[in-house]
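Protein chains: 2
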Amino acid sequence: MRYSIGIDLGGTNIAVGIVDEQFQLVDTLSVPTQANRPWKQVVADMARCVHTLLANNALDPSSCIGLGAGVPGVIYSSAGTVLFSNNLRWEHVPLGHALAVATGFPVRLSNDANCAALGEVVAGAAKGRKNVVLLTLGTGVGGGVIIDGKIYEGTQGAGAELGHCTLIMDGLPCTCGRKGCIEVYASATALVRQAGEAVASHPDSILAGKALNGRSIFDAMHRGDPTATHVVEQYKHYLDETAVNMVNIFRPEVLLIGGGISGEGQPLVDRLNAYVRKNCYAAPYAFVTTVKIAALGNKAGIVGAAALCLA
Amino acid sequence: MRYSIGIDLGGTNIAVGIVDEQFQLVDTLSVPTQANRPWKQVVADMARCVHTLLANNALDPSSCIGLGAGVPGVIYSSAGTVLFSNNLRWEHVPLGHALAVATGFPVRLSNDANCAALGEVVAGAAKGRKNVVLLTLGTGVGGGVIIDGKIYEGTQGAGAELGHCTLIMDGLPCTCGRKGCIEVYASATALVRQAGEAVASHPDSILAGKALNGRSIFDAMHRGDPTATHVVEQYKHYLDETAVNMVNIFRPEVLLIGGGISGEGQPLVDRLNAYVRKNCYAAPYAFVTTVKIAALGNKAGIVGAAALCLA
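Chains A and B supply the protein sequences, listed in that same order.
When the letters of the first sequence are read in order and numbered with our numbering, they come out as residues 1 to 311.
When the letters of the second sequence are read in order and numbered with our numbering, they come out as residues 1 to 311.
Possibly wrong hints are sitting among the right ones.
One copy or any two copies: either way a pair holds, since identical chains are not told apart in the list.
To be verified - No farther apart than 27 Å at their CA atoms in a straight line, the calculated lysine-lysine pairs in the DSS-like style are these:
1. Lys150 x Lys299
2. Lys278 x Lys130
3. Lys299 x Lys236
4. Lys150 x Lys278
5. Lys127 x Lys150
FYI, nobody ran anything at the bench for these hints, they're computed from the structure.
With the hints as extra help, turn the sequences into a complete structure.
And the structure:
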């Protein structure tokens, strides 16, 4: 059996995994990123994790064919460079070269959402599909695009920024500098902001004084709280329209929903499928994309990163 | 020298051309589509045009390797089927088979905007580029997407409907059934509607009583008419935001602007390039797409359709 190493480098944690040729996760290890350090220290910790994980599993480095890493931001994969990462505050970091030197493995990089999409295609909810789009609804809205079985990352890795397409032109300000991006309305962060505003003007809500997060807001909705219900309905409308946009642009076989919000599961997907089937372009005549919840959760990024070397 | 035949099938005209291996247009012929006829009569006229054009150029059918046709609508190219065409009012028409029988040539189909994009890639403003997006700003807003040198059409040809992505969620109604699509704000039709509304409330405009079209509206703006200037500025803002969305989604090497509005030329492109460079995701760090005017005009569709067989 041959293996590949996958790293999901996040703003909070470095998650490392060993993945076998059947794309099964053998073992994982996670350490804090401490992203405020110089990047070379982060790379040193990434390499240390790789060696520890191999030793823990009594695997000789020669049984591993390579190392893939998924990184949040604009990743120029063929140059091995992180051009820009908002989460890590990195600019023009030669991560591919540094990791290769530190570990001795051939290294491939891609954007973290792209890796998660690839992970779902090789071993998750879109297994075996060739054209797939993943939206991760979390702190932000990430996009991963698989075309013809391969990651589509745009010129020098700067495409597939699906969260930074306007949903409402000239709308609310986005961290990217524009206004009205999907991310400002459809991220988990946006849902929390929307709920916070609603609770402020409806202090009778059962959410008043509670910690607001995707879970608590959806729970309050399920318990019939009118304020939460109104917020979630509006939020779902943003998701509905975002989903139809992605279907009209890419018409993938499968549109995957990942990230924290995807914990809402089947009811969310049932609604999205009904909306897409009714509203996508030429719906009565043309192929209609199926919306599904991503299956691998926070393991998708590791599996997909490892798959960069196994594909 | 070998040749290929390209057909640009529109709601108004059937335009047929002979294209050589260097993607040069040898000769063309055009007849009215008369789209309200049964589709088999349209196919018969397409075949007649092909034979006439070959005879006019003293070309033996054996020197032609195939026939490509670009058709407005959702084209399931591998099945040779027009699933849906709004312009032609066709549903599930087996055009590929019918054309092959009527002409004796192997036939390949694609969407008309996709063919125009391919035409620009093989012989026009994006010659030699691998990742290109074309927006045609005309009666509607068409989208053509070239990825890795090939047309990206989505599952069963139903993707790349770039004009049917929302620019303003819950905005003005679109012919596709949704609200707020790019097409409702950024097509030439939209510009005419916007100017009509503005002139109605500003009867002092030099556009009052004039025939409104892209040309006359831009002319009035260039002559300093305040009403036209206001309308065109707002229209350009829709285009600016649309362009940045396309760049963030695809980050193509080149974003081409075609259709009637592209007649405005260099000033339009200069503005779009400045806006994209300032507003696209991670602009200071990442590759920035160049916006260009499509070069082949209404010949792009013929050349691209022929290129379906030459590539």
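To see whether the hints hold, each was checked on the structure:
no. : hint            : result
1   : Lys150 x Lys299 : within (19 Å within a copy, 33 Å between copies)
2   : Lys278 x Lys130 : within (24 Å within a copy, 34 Å between copies)
3   : Lys299 x Lys236 : within (26 Å within a copy, 44 Å between copies)
4   : Lys150 x Lys278 : neither (29 Å within a copy, 30 Å between copies)
5   : Lys127 x Lys150 : both (13 Å within a copy, 24 Å between copies)
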